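Colleague: Let's have the full structure, built from the sequences with the hints guiding it.
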Amino acid sequence: MDKRKSYVLTLAFLLAASTVALSALKEMRLDAYISIFAIDYFIASAVFRPRRRTMDFIGIALFIAFAYIVALKVMEILVK
Amino acid sequence: MKPTDLAEDVSFWFGLALAASGAILAFFAYFIALNVPLTALGLACTILGLSIAFTPSTPVPKLAVKAMLEGSCLNLEALLEEFNVEGKAVYMPPRDERVFAFIPISSNPIQIGPEEAAKAPLRVLTTAGGKPGLIVFPPGSEIVRLAGVAEGLTAEEALNLTLIEFLEGADAVKAVAKEDRVIVEIANPKVSSELPRVTRCLGSLAISVAGCTLAKSLGRPMAFLEEADEGGKVKASFRMV
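In order, the protein sequences belong to chains C and H. Count along the first sequence from 1, then add 294; that gives the number in the working numbering. Count along the second sequence from 1, then add 54; that gives the number in the working numbering.
Rather than coming from a laboratory, the hints here were simulated on the basis of the structure. Remember, it's a predicted structure, so these values are computed and weren't measured experimentally. Honestly, I wouldn't trust all of these hints.
No more than 27 Å apart at the CA atoms, straight line, and that leaves these computed lysine-lysine pairs for DSS-like [stated by the list, open to error]: (1) Lys299(C) / Lys367(C); (2) Lys287(H) / Lys297(C); (3) Lys299(C) / Lys232(H); (4) Lys297(C) / Lys173(H); (5) Lys185(H) / Lys228(H); (6) Lys299(C) / Lys287(H); (7) Lys120(H) / Lys297(C); (8) Lys185(H) / Lys297(C); (9) Lys228(H) / Lys120(H); (10) Lys289(H) / Lys297(C); (11) Lys320(C) / Lys228(H); (12) Lys228(H) / Lys297(C).
To give an idea of the chain C side of the interface with chain H (calculated C-beta under 7 Å), a few residues [unchecked claim]: (13) Arg298; (14) Leu305; (15) Leu308; (16) Met322; (17) Phe331; (18) Arg347.
By construction, the Cβ of each residue, glycine as well, lies at the ideal position given by its N, Cα and C atoms.
Modeller: Set out below in structure tokens:
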């Protein structure tokens, strides 16, 4: 199986498994899902290093979202 | 990639459709159904769809690139035929950033030392230690330079970098170094050259790229010894000289 197929299948599996697992745990915070998706995406990208047509905009967007969520959590802890 | 290539790429449109469906699902689930897991499912579909859309389904070697690579060997074949070259190539570490191959015209290169070959004037028809030979820049020479192979990488790391990651020219590659020999095994090579003289002197295209890679990463001249096709796998051995 070529690298691209392996990457897409792995990413699909990780995203689906994360969604099912978190919803089975009755997780209702959307930021938890987004954080896990970001981790899934970066794991799959780091392992398979797929070729991109353009700059990795999805990775950048997920990284910004992840950093924002973490920053909010840190702020929450510091303000308490 | 040109817009026409993009338009013909089915996976690009499939990815975009999946991403759009996911975005619509996420929007309705979040604002209307107020369902977080369903929203997350929509986001997951969007991420997956965009990943599919922005990962080209036909990475290198595309047919044109493959044709150019194989075509570049035609000139080599003509040159080797013209000089009736019988010897096997010695892949030399880079001079002016490019790996080159010294191919003795006679089939008995034992007398030619690596120092002599390394000092040989850089021109097509040259002599090393008084023996006539050709100096050529195989296609792998430029591949090694562009892939950014650094000296000091192990044989297998360097081969993975050029043949798998940069060229995507094979499914897997293994390299075993034993004494002064390096045995390379390439699984399912996707580039080939059915040119008898080139294959005999330099090895098939994938093996030639491997030879250039080894010369660069190990920093030593690599003499191509033999190549065997074992049903989907190509095995070749090189000697460090």
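Colleague: For each hint, tell me whether it holds in the structure or not.
Modeller: A quick look at each hint next to the structure:
no.: 1; hint: Lys299(C) / Lys367(C); result: violated (36 Å)
no.: 2; hint: Lys287(H) / Lys297(C); result: holds (18 Å)
no.: 3; hint: Lys299(C) / Lys232(H); result: violated (35 Å)
no.: 4; hint: Lys297(C) / Lys173(H); result: violated (41 Å)
no.: 5; hint: Lys185(H) / Lys228(H); result: violated (34 Å)
no.: 6; hint: Lys299(C) / Lys287(H); result: holds (21 Å)
no.: 7; hint: Lys120(H) / Lys297(C); result: holds (18 Å)
no.: 8; hint: Lys185(H) / Lys297(C); result: violated (45 Å)
no.: 9; hint: Lys228(H) / Lys120(H); result: holds (22 Å)
no.: 10; hint: Lys289(H) / Lys297(C); result: holds (22 Å)
no.: 11; hint: Lys320(C) / Lys228(H); result: violated (46 Å)
no.: 12; hint: Lys228(H) / Lys297(C); result: holds (17 Å)
no.: 13; hint: Arg298; result: holds (6 Å)
no.: 14; hint: Leu305; result: holds (6 Å)
no.: 15; hint: Leu308; result: violated (9 Å)
no.: 16; hint: Met322; result: holds (5 Å)
no.: 17; hint: Phe331; result: holds (6 Å)
no.: 18; hint: Arg347; result: holds (5 Å)
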